[in-house]
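From just these sequences and the hints, can you work out the full model?
Line by line, the protein sequences are chains A and B.
Per this note's numbering, the very first residue in the first sequence carries number 2; after that it's consecutive.
Per this note's numbering, the very first residue in the second sequence carries number -6; after that it's consecutive.
Each hint should be verified, as a subset may be incorrect.
Covered stretches of chain B (chain A as the covering partner; in silico rule of three or more C-beta atoms under 8 Å from a C-beta of chain A) [as the list claims (entries may be wrong)]: (1) -1 to 12; (2) 47 to 54; (3) 83 to 95; (4) 98 to 111.
Just so you know, these hints were derived from the structure itself, not from any lab.
The C-beta atom is built at its ideal place from N, Cα and C for all residues, glycine as well.
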Amino acid sequence: MSSRPNLLDGFPTLSSLVAQIDRYLTNKYPDFFGDNATHPYLPIRRSKVVHDNVWGTNKFTWRELVVIDSPIVQRLRDIHQVGLGFQVYPSARHTRFEHCLGVVTIASRVFDAILQRNEGDVENILRVLDPERAPKAAIAKIRQELRIAALLHDAGHSLYSHTSELVYSRLDLLRSAVREIRTITGKEKGAGEVVSFCIASTSSLAKLLDRAKRFLIGETTSDEYTGEIDLTNVALLIVGRTSHPFLQFLADIVSSGFDADKLDYLIRDAKAAGLPLSYDIDRYLYAVHLEKDKIIDDENHLQNFYGVVSRTPPVRKPAGGGARYPYYESYRLRLPRKAINAVEQIIICKMMLYGYLYHHPKVRAAEGLLQRLLMELVSRWKEGGLSDRQILENFLDFTDSALFSTEVSRCPDEHIRSYAYRIRNRLLPREVYRFGGGTTSHAEGDLLADFLTDLKDPGQGERIAFELERAIGEELINLRTELGPKWKDALLKAGVWLDIPKPPKFEDIDVLISSGEGSSDGVQIAQVFPISHWTQAYTAFRYYVRIFSFSEYRDLTEAAAKTAMQDVIGIKGDRFYQEVRRIRS
Amino acid sequence: MPPTLGQFVKELTALLEDKRIPIPFKNERSWHFLFYELKKEKGSPGRPSFLDELQFDWDGPFPKSPELSDFLHSLHWNASVSASNPHYETITLSEEVKDLWMKKYEREDANTKAYFSLVLDRARKEFGQEAVAGSSHELSPKST
Chain A
2 MSSRPNLLDG FPTLSSLVAQ IDRYLTNKYP DFFGDNATHP YLPIRRSKVV
52 HDNVWGTNKF TWRELVVIDS PIVQRLRDIH QVGLGFQVYP SARHTRFEHC
102 LGVVTIASRV FDAILQRNEG DVENILRVLD PERAPKAAIA KIRQELRIAA
152 LLHDAGHSLY SHTSELVYSR LDLLRSAVRE IRTITGKEKG AGEVVSFCIA
202 STSSLAKLLD RAKRFLIGET TSDEYTGEID LTNVALLIVG RTSHPFLQFL
252 ADIVSSGFDA DKLDYLIRDA KAAGLPLSYD IDRYLYAVHL EKDKIIDDEN
302 HLQNFYGVVS RTPPVRKPAG GGARYPYYES YRLRLPRKAI NAVEQIIICK
352 MMLYGYLYHH PKVRAAEGLL QRLLMELVSR WKEGGLSDRQ ILENFLDFTD
402 SALFSTEVSR CPDEHIRSYA YRIRNRLLPR EVYRFGGGTT SHAEGDLLAD
452 FLTDLKDPGQ GERIAFELER AIGEELINLR TELGPKWKDA LLKAGVWLDI
502 PKPPKFEDID VLISSGEGSS DGVQIAQVFP ISHWTQAYTA FRYYVRIFSF
552 SEYRDLTEAA AKTAMQDVIG IKGDRFYQEV RRIRS
Chain B
-6 MPPTLGQFVK ELTALLEDKR IPIPFKNERS WHFLFYELKK EKGSPGRPSF
44 LDELQFDWDG PFPKSPELSD FLHSLHWNAS VSASNPHYET ITLSEEVKDL
94 WMKKYEREDA NTKAYFSLVL DRARKEFGQE AVAGSSHELS PKST
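Take a look at the structure:
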């Protein structure tokens, strides 16, 4: 198995993180990853079929099966795909495990659909980039790497998926790793993807696959790839890059605005929740194709990156010909305008899922409670002397069952114990106030607009949210002394916080729709159909900032939060507070 | 305190509104071109330090700052005319919001105001240029 160890040279956090995860896997699962590993015990079939309730019957190769059967992927069986969404939609109990298998299936379907339309282009690309391999074998290689990347794209997840990611992403270690990935790839990626990248980069995984080869039985089939794969390519796909810009379409399949991840989770989440939402995947697959496009590179991220990872360094063209900065020619995933119906359906599906499921007030309440529980747990670990590295290992140990573990349910910290009890028994906080961009029918709309935009200001959003929460906590103590002495204690006791969800993003789709001319910057999708109208209207009317509180402190919180908002936001009139208060009637 | 990204964009939009310069929303790329150029051009008095920290993604035909993009979307849905009836081509501030942010601008020091003046001039050119470029992509009635 070839590798390029110098990719992470000069990136100390990522280098040490990969080494640490290697040690972690070796120590935690010695039978899979240790020097005397015993898995696999028995001969391995070259392929197997797995049945899926969304995508039907699908075949997996021996490499995929070895990874699936390892603890790296098996732990995902105990991580719910939509976090605590099952507290509102009881049947939404599907896990990251079946999602990852689904992404493998749909990623290769997209790849195969592209081949149907652009096989000649792909072969020509591979003749240049991989001249020693026959084009068909080179195609089989990148297809296998794509599928392994799809399988591992969520391997870094911890309990209840994105809720825990929000907590561990605040560790200095992960902040540094995210910065380094950005420097390497020239793209912003989340902490979960960075951990998945590190897992795919471990020698533990490479050794497991190497060892498994010796256990293969049966004859090779005509569609089997018998050569080696490059796990560096797999890791790069997870963070949205490939070793050459001509192959960037592969990264579009794994990590982009319309990637296989979304194509799977939109249908899977809706189906599991019992929501009648879907889109026409066949239409999408019928239309998806490759198109030449430019990737500009004025800060030299890509020049440095390709200089390290590419065996056939690409030509960086100077600015000109419509490009304001130096650029690389690239092949990207595109849909023609005639497939716009499928795109519309995907967008509607995503908006509805945000409104009905991901941003449902009770789901936000449950996940907010869990987030605070985990933040308290991390504080305890830090007070106990644990380093960020040890804390990250705890998160790698954790799956959803950790909420029921003695570490949590018998924790000496009263808030951790009681929050876990509340989540398990669905004793969730209630909305006290709810407001958003559409809440403007009062006289002080300018102050609300100022506050809401400040919350999204990267330079002060966190500070302003902190100030409002502190003001509410202090006012709670003013109203009821026993909630003190510290304002943070008052918030924890009353289950109060300011909830600021991330709104759904749609802007990446602008570049997905091709001009129909074979090569372009893409056409603004808003010029084809009114996506902006839909998404902005959605955000104005369905996206809310909320203040939550435990039911027993609801009235107290209403009074405290009103005083705090009058001080911090400056809105004085009663009418606004009557408009945005949430009462059960 | 030096302005943050959000404060800077808010005061800039108030100035643009005041000068009746259309503020693009749908064609977001001109914002990214403007801020990337501002990031590159160091040395002007009053230049806010957040520009040095602003990160851009390199994954398409223009540099894209996710932070700027998120903020523009927030600005549009929270502060454009009235969120119950926003325009989609442009960001158009309500009079009250514009006045509030102009007051903040008025409190800036002389250097910062001079820098805003420079940016306003750049924005006028950049946004105008993009409007011309954007129009070439418009579909003919026949093709729609």
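Hints and how they fare:
Coverage of the stretch -1 to 12 of chain B by chain A holds in this model, with 3 residues showing a Cβ closer than 8 Å to a Cβ of that chain against a need of three. As drawn, the stretch 47 to 54 of chain B meets chain A at 7 residues by the rule of a beta-carbon pair under 8 Å; at three or more, the given contact holds. With 6 residues carrying a beta carbon less than 8 Å from a beta carbon of chain A, the stretch 83 to 95 of chain B meets the three-residue requirement, and the given coverage holds. Taking a C-beta to C-beta cut-off of 8 Å, the stretch 98 to 111 of chain B contributes 0 residues in contact with chain A, too few for the three needed, and the coverage statement is violated.
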